[in-house]
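Enquirer: Chain order of the listed sequences is A and B.
Heads up, the final residue of the first sequence is numbered 268 in the numbering used here, and it's a clean run with no missing numbers.
Heads up, the final residue of the second sequence is numbered 521 in the numbering used here, and it's a clean run with no missing numbers.
Treat the hints with care, as some may be off.
Below are the DSSO-like pairs computed for lysine-lysine, each with C-alpha atoms no more than 27 Å apart in a straight line [unchecked claim]:
hint: 1; chain 1: A; residue 1: K51; chain 2: B; residue 2: K376
hint: 2; chain 1: A; residue 1: K52; chain 2: B; residue 2: K402
hint: 3; chain 1: A; residue 1: K38; chain 2: B; residue 2: K375
hint: 4; chain 1: B; residue 1: K317; chain 2: A; residue 2: K51
hint: 5; chain 1: B; residue 1: K294; chain 2: B; residue 2: K402
hint: 6; chain 1: B; residue 1: K339; chain 2: B; residue 2: K317
hint: 7; chain 1: B; residue 1: K386; chain 2: A; residue 2: K52
hint: 8; chain 1: B; residue 1: K402; chain 2: B; residue 2: K317
hint: 9; chain 1: B; residue 1: K455; chain 2: B; residue 2: K337
hint: 10; chain 1: B; residue 1: K454; chain 2: B; residue 2: K484
hint: 11; chain 1: A; residue 1: K60; chain 2: B; residue 2: K503
hint: 12; chain 1: B; residue 1: K389; chain 2: B; residue 2: K375
hint: 13; chain 1: B; residue 1: K454; chain 2: B; residue 2: K339
hint: 14; chain 1: B; residue 1: K317; chain 2: A; residue 2: K38
hint: 15; chain 1: B; residue 1: K376; chain 2: A; residue 2: K52
hint: 16; chain 1: B; residue 1: K293; chain 2: B; residue 2: K402
hint: 17; chain 1: B; residue 1: K375; chain 2: A; residue 2: K52
hint: 18; chain 1: B; residue 1: K346; chain 2: A; residue 2: K38
hint: 19; chain 1: A; residue 1: K38; chain 2: B; residue 2: K339
hint: 20; chain 1: A; residue 1: K52; chain 2: B; residue 2: K412
hint: 21; chain 1: B; residue 1: K375; chain 2: A; residue 2: K51
Stretch-level coverage of chain B by chain A, calculated; a stretch enters the list once three of its residues show a Cβ under 8 Å from a Cβ in chain A [stated by the list, open to error]:
hint: 22; stretch: 275-286
hint: 23; stretch: 474-482
Calculated Cβ distances over 10 Å to all of chain B for the following chain A residues [stated by the list, open to error]:
hint: 24; residue: Y45
hint: 25; residue: F47
hint: 26; residue: M129
hint: 27; residue: M138
hint: 28; residue: V140
hint: 29; residue: V143
hint: 30; residue: F216
Just so you know, the hints here were simulated from the structure itself, not pulled from any lab data.
Yeah, the Cβ is synthetic: ideal placement off N, Cα and C, and Gly gets one too.
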Amino acid sequence: MKQEDIKEKENPQIFGKSISEFFETIAGLTFFALGFFKEVFLPPYEFAEIKKHIEDLGIKTLPIVTVTGFIIGLVLAMQSEPVLVRFGAGSFLPSMVSLSVVRELGPVLTALIFAGRVSSGIGAELSSMRVTEQIDAMEVSAVNPFRFLVVTRILACVIILPILTLYVNFLAVIGGFLAIFLSQGMHFKMYITTVFKSLEFTDFLPGLGKTLIFGFIVGIVGSYKGYNATNGTVGVGRASTSAVVMASLLILITDMVLVRITVMIWNS
Amino acid sequence: MVEVKNLTKRFEDHVVLDDISLDVKKGENAVVFGRSGTGKSVLLKCIVKLLIPESGEIIVDGNSIFDIKMKDLNELRKSIGFLFQGSALYDSMSVRENLEFPLIRNKKSMSAEERQEKVIKALQDVSLEDAINKMPDELSGGMKKRIGLARTIISEPKLILYDEPTTGLDPITVKEISQLINDLQKKLNVTSIVVTHDLLCAQIISERAVVLNEGKIIYDGGLDELTTSNDEFLKDFFTNENVQAKNRSVNGK
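Just chain A, with the same shape it has in the complex (with noise of 0.2 Å):
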């Protein structure tokens, strides 16, 4: 038989079998997340290793979000300003700068670096935990590595992502000064006066909410690729890299919906 005749045969099994993939990770993730939900506000909580983990996930991406938040800000500036001044609206550079960024680029690309910082690293470090026995020698000593382990990192990405947003919004509005400094010459006092004159509460309400939920779904596929990881150092890598991926693609997903909801919501 020729290899193509081959493939083609396999091909429908193959779709199939990830179609399968796909459903089983669905209905997993959702089993997984139930069980952060009835784990979560039971004790012993284990407010130290929150606090570790808050530490470390802030420390490991402030780097990185430090340089997006300011480059985000600067393009966004420089990139827009020729098409506003080309229509006379070169005045709302500042406004359409922070609107933009607390709206939704700030969120977004925060959580998606944070994705692949941190949803990778819960996934090697659980999945590597889960190869050397780790996670069952803390079962066989009557400890729930479920809360220990896992609830414990949900909870860190859920407080820390927010902060770390609020942070790149923060840069975000300094770098598109610098652009629009540098094009235009605009003070610093009359820029943050038109970019605080044009933000509003609800402005940043929708923004810090989604990344309330784009923290949770970083922290629970992390933790759900890692936590189940199978097949040894092969398995390491595998748990790390799909963590990224699915992460960033539910990620983008919610924020499609949330988007939309949030617009029906404040639109009415």
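Starting from the known structure of chain A, arrange chain B on it as the hints suggest.
Expert: Using the frame of chain A, we list chain B on its own:
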């Protein structure tokens, strides 16, 4: 102390344990032999309910572990020590934190001073008190096994399960670890089940041997009778083990 009744465990179509029964009395040390993949580790994991079998019953210290509630199972687990094949030290924690971990969570009334004393005592028992502030990746294979052993005994278990305690170690360290396990067992008077395919380790630790092959127990009796058995499989198995042990010994020198 441990009663295994008609236990069957399979992974998909592969039957790993096929209707096996085993009874280990209080204070007894039993060594479980068998080739790789015969279900020795699976048996240990079933005893602590890390794996759930298709059928059968396991009674540990009077509790049927598949019937009791999670809370009771955790209470029971506090009285069981498990030394994993790769030691399973928590690699984000220092040796001290690894040893303190079960104490902090399971013995909440214990003061920090008492905990410190227990950690030092456990490390003295395995002759590694200098490693207290080291991280697991700074330890050799033999040291990891010792620290794993210290973490296993620190909660003063009534039953200890050893999963290949000497695998991957040189013959001198095998002898040291086996001797250490033997000394600790005598000192703490615990029941133990040791899974191994190391004859030297078995000879030091125990007098009772159980041999697993293709999911079934094919021998349960004295270790001396086993090594002189006329059974073809057992003769073959122990000849190979002896040759391998000799080779390891020569290479080790």
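Enquirer: Each hint should be assessed against the structure and marked as holding or not.
Expert: Results of checking the hints against the structure:
Note on A/K51 and B/K376: the hinted pairing holds, with a Cα-Cα distance of about 21 Å set against a maximum of 27 Å. For the given pair, A/K52 sits about 20 Å from B/K402 by alpha-carbon distance, which is consistent with the 27 Å threshold. For the hint linking A/K38 to B/K375, the alpha-carbon distance of about 25 Å falls within 27 Å, and the restraint holds. Pair hint B/K317 plus A/K51 does not hold up; C-alpha atoms about 32 Å apart against a cutoff of 27 Å.
Only pairs whose Cα atoms come within 27 Å are accepted, and B/K294 paired with B/K402 is rejected, the gap being roughly 36 Å. The straight-line distance between the Cα atoms of B/K339 and B/K317 is roughly 13 Å, inside the 27 Å bound, and the hint therefore holds. Distance restraint check for B/K386 and A/K52: the Cα-Cα separation of roughly 25 Å lies within the 27 Å cut-off, and the hinted pair is therefore satisfied. A threshold of 27 Å between alpha carbons decides the hint, and for B/K402 with B/K317 the separation of about 32 Å lies outside it, so the pair is violated.
As the CA atoms of B/K455 and B/K337 are separated by approximately 32 Å, the hinted pair breaks the 27 Å bound. At roughly 30 Å between alpha-carbon atoms, B/K454 and B/K484 are farther apart than 27 Å, so this suggested pair is violated. Annotation: proposed proximity of A/K60 to B/K503 is violated, straight-line Cα distance about 57 Å (limit 27 Å). Restraint check for B/K389 and B/K375: satisfied, since their Cα atoms lie roughly 17 Å apart, inside the 27 Å limit.
As the CA atoms of B/K454 and B/K339 are separated by approximately 31 Å, the hinted pair breaks the 27 Å bound. Distance hint between B/K317 and A/K38 is fulfilled; the C-alpha atoms sit about 22 Å from each other, no more than 27 Å. This hinted pair checks out: B/K376 and A/K52 have alpha carbons roughly 21 Å apart, not beyond 27 Å. A hinted pair counts as satisfied when its Cα atoms are at most 27 Å apart, and B/K293 with B/K402 does not qualify at roughly 38 Å.
Of the supplied pair hints, the one linking B/K375 and A/K52 holds, its CA atoms being roughly 23 Å apart against a limit of 27 Å. Distance restraint check for B/K346 and A/K38: the Cα-Cα separation of roughly 24 Å lies within the 27 Å cut-off, and the hinted pair is therefore satisfied. For the hint linking A/K38 to B/K339, the alpha-carbon distance of about 16 Å falls within 27 Å, and the restraint holds. For the hint linking A/K52 to B/K412, the alpha-carbon distance of about 25 Å falls within 27 Å, and the restraint holds.
For the hint linking B/K375 to A/K51, the alpha-carbon distance of about 23 Å falls within 27 Å, and the restraint holds. With 0 residues having a beta carbon nearer than 8 Å to a beta carbon of chain A, the stretch 275-286 of chain B misses the requirement of three or more and the stated coverage is violated. With a cut-off of 8 Å between beta carbons, the stretch 474-482 of chain B has 0 residues touching chain A; three or more are needed, and the interface restraint is violated. The beta carbon of A/Y45 sits about 13 Å from the closest Cβ of chain B, which is more than 10 Å, so the claim that it is off the interface holds.
Even its closest Cβ contact with chain B, about 13 Å, leaves A/F47 beyond 10 Å, as expected for a residue assigned away from the interface. Once the 10 Å rule is applied to beta carbons, A/M129 is inconsistent with being away from chain B; the minimum gap is 8 Å. The beta carbon of A/M138 is not kept farther than 10 Å from every beta carbon of chain B, the shortest such distance being approximately 8 Å. For A/V140, the shortest C-beta to C-beta distance to chain B comes to about 4 Å, within the 10 Å cut-off, and the non-interface label is violated.
Separation of A/V143 from chain B is inadequate, the least Cβ-Cβ distance of about 5 Å not exceeding the 10 Å criterion. Residue-level check passed: A/F216 sits 23 Å from the nearest beta carbon of chain B, beyond 10 Å.
Violated hints, in rising order: 4, 5, 8, 9, 10, 11, 13, 16, 22, 23, 26, 27, 28 and 29; the structure is consistent with all others.
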